[in-house]
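Peer 1: Respectively, the protein sequence lines represent chains A and B. At the far end of the first sequence sits residue 305, using this note's numbering, and the numbering has no gaps. At the far end of the second sequence sits residue 1259, using this note's numbering, and the numbering has no gaps.
Since the hints were made in silico from the structure, they are not lab data. Take these hints with a grain of salt, some might be off.
What the hints assert, rightly or not - Chain A side only, calculated, beta carbon under 7 Å to chain B, not exhaustive:
hint: 1; residue: ASN3
hint: 2; residue: THR27
hint: 3; residue: MET33
hint: 4; residue: GLY57
hint: 5; residue: PRO58
hint: 6; residue: THR59
hint: 7; residue: PRO76
hint: 8; residue: ILE266
Stated by the list, open to error - As a list, the in silico DSS-like pairs of lysine-lysine whose alpha-carbon atoms are at most 27 Å apart:
hint: 9; chain 1: A; residue 1: LYS29; chain 2: B; residue 2: LYS1247
hint: 10; chain 1: A; residue 1: LYS14; chain 2: B; residue 2: LYS1225
hint: 11; chain 1: B; residue 1: LYS1160; chain 2: B; residue 2: LYS1096
hint: 12; chain 1: A; residue 1: LYS202; chain 2: B; residue 2: LYS1190
hint: 13; chain 1: B; residue 1: LYS1241; chain 2: A; residue 2: LYS29
hint: 14; chain 1: A; residue 1: LYS49; chain 2: B; residue 2: LYS1256
hint: 15; chain 1: B; residue 1: LYS1241; chain 2: B; residue 2: LYS1096
hint: 16; chain 1: B; residue 1: LYS1025; chain 2: A; residue 2: LYS202
hint: 17; chain 1: A; residue 1: LYS36; chain 2: B; residue 2: LYS1256
hint: 18; chain 1: A; residue 1: LYS49; chain 2: A; residue 2: LYS112
hint: 19; chain 1: B; residue 1: LYS1074; chain 2: A; residue 2: LYS202
hint: 20; chain 1: B; residue 1: LYS1247; chain 2: A; residue 2: LYS132
hint: 21; chain 1: B; residue 1: LYS1079; chain 2: A; residue 2: LYS202
hint: 22; chain 1: A; residue 1: LYS36; chain 2: B; residue 2: LYS1225
Here a beta-carbon is modelled for each residue, glycine too, at the ideal position from N, C-alpha and C.
This is what each chain is made of:
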Amino acid sequence: MTNLAVDICGLRMKNPTMLASGVLDETGKSMLMVAKAGAGAIVTKSIGKEPRVGHSGPTIVELPQALLNAMGLPNPGIEAYAAEIAEARAGEIPIIGSVFGGSEEEIAELAKAMQGVGVAAVELNLSCPHAKGYGAEIGSTPEMVEAICRSVKETVTIPVFAKLTPNTSSIASLAKAAEKGGADAVVAINTLKGMVISPEAKMPVLGNRYGGLSGPAIRPIGVRCVYEIYEAVNIPVIGVGGISTGREAVEYIMAGARAVQIGTAIWREGPEVFSKICREIMDFMDEYGYSKVSEMTGVAHHGRT
Amino acid sequence: MVGLRIFTVSDHRNETPTIKSMRFKETLIAAPGQFVMVWVPGVDEFPMSVSYAGDRCGITYQIIGEGTKALAMKKPGDKIGMRGPYGRGFSLQGKKLLFVGGGAGMAPLAPLVEMASIKGAAVDLVLGARTREEMLFESRAAVAGARMHLSTDDGSIGFKGLATELAQIVVSKHSFDHMYACGPEKMLVKLLTISTEKGIPMQASLERVMKCGIGICDSCAIDGKHVCRDGPVFNDGDLRKFAELGKSKLDAAGRKIPV
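Start from the sequences and build out the full structure, keeping to the hints where you can.
Peer 2: Put into structure tokens, the structure is as follows:
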């Protein structure tokens, strides 16, 4: 009997797909809608201490195989967002609270507030490439990643996931630092820093000029990062970047992921993409004789020394 | 592909003291009710309904912030960016149609009035504005053959009062098999009541803060639906399910604020 259920750091998921942070997760009702569409867990929008309107437009550029975005971490602040999480929890799947901050103290404080609101785990956004003073700006050296993870671990009892940036020479070093700091799992990858220029307008299109690239174009980079991280650490890896089919989810799982996150695929396929991906993973497992998702995790490393 | 394209301004004119129309040299195929994301380079990007589709496409807007103020400075020959069209527009149904446009809300309705007339439907239009000067597309709709019912807040022309009050009078005198509306949300809420009471199906175009325009950022959420992707036009069945309609919306930071 094929079973899609996975367990990540004690979070029981009915399938290995999670909604990636930043997509359809500003409101409780949208998160509920995604839960209903078949996601196994939901990661909230990245939340900070104070309300933040984000960058001026354009905040998104559509490309043939990718999106470039610079939303700029818009969010209503942790206090107001608590009501949205409470609403999303009615969906009866794990809610993972994503937080961003400018210092380890601020991030730890936010993680504690998230725990107070009842999330199942907290995801640290150490990787947003387009917000000054936050995200990748404080998560791009192993020392900082380790210090932040340690400080959060000392503050909360729920599992801590560190979402890492690929905009670095060695994401495996960041993953090792997260593990050393006590993180329970790592999430890879966040978007790749990029830019699109309009030749007619003679300027970058995004209001913030720089943005983060997501979608099918970045999948080989994400798979490579997960593959490297799997060889470097013993904690679970959650894979994210350009997944829109079951086969692509299996790619990440075979590279070493225990679960995957999906975001940009909703652009082309809508929230229904979750149930479609699950069906396709199931079909693949049936055809190739896997009964549990965990049997596929990391198999692409076998036969190598 | 509905990604970013550069458009050249061909004509820019005042429709009312506060509303302008901008036409372009290029063509944009869009259904009435669909919208575009308009980029004023170096300033901002914002959603706007298409008021002229096809050849020499165009948009019609009210100057409400920095972005539209910068847009208002553009002259023929200047270039702006647009992506889209996005969203679900109006679906033309019925033979006896009541249109209700409030203020700048007439912009997406005007091409639909024209389309309905061409297809042989009888069109009654309740057009509401603050004053006579602020009436948008009055002659455009009249030329298309709509029977006009005007209302102004100050009574400077037509019925003195709200467009919804005038609409109530019009539906009591004539029978309709479909209603189309765009305007302030309080107006839409009242029209929805009329639609329910009279059993007339209704479609209305909603407005929310919109950032991505492509159904992923959640800034335009209304009760788990998304104005950019599921809308901006919703039918009465959807509208009745929206607990937030006429009550709350999200600001740019995602905070719930009163409509």
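Peer 1: Hints numbered earlier in the text: which of these fail when held up against the supplied structure?
Peer 2: 1, 12, 20
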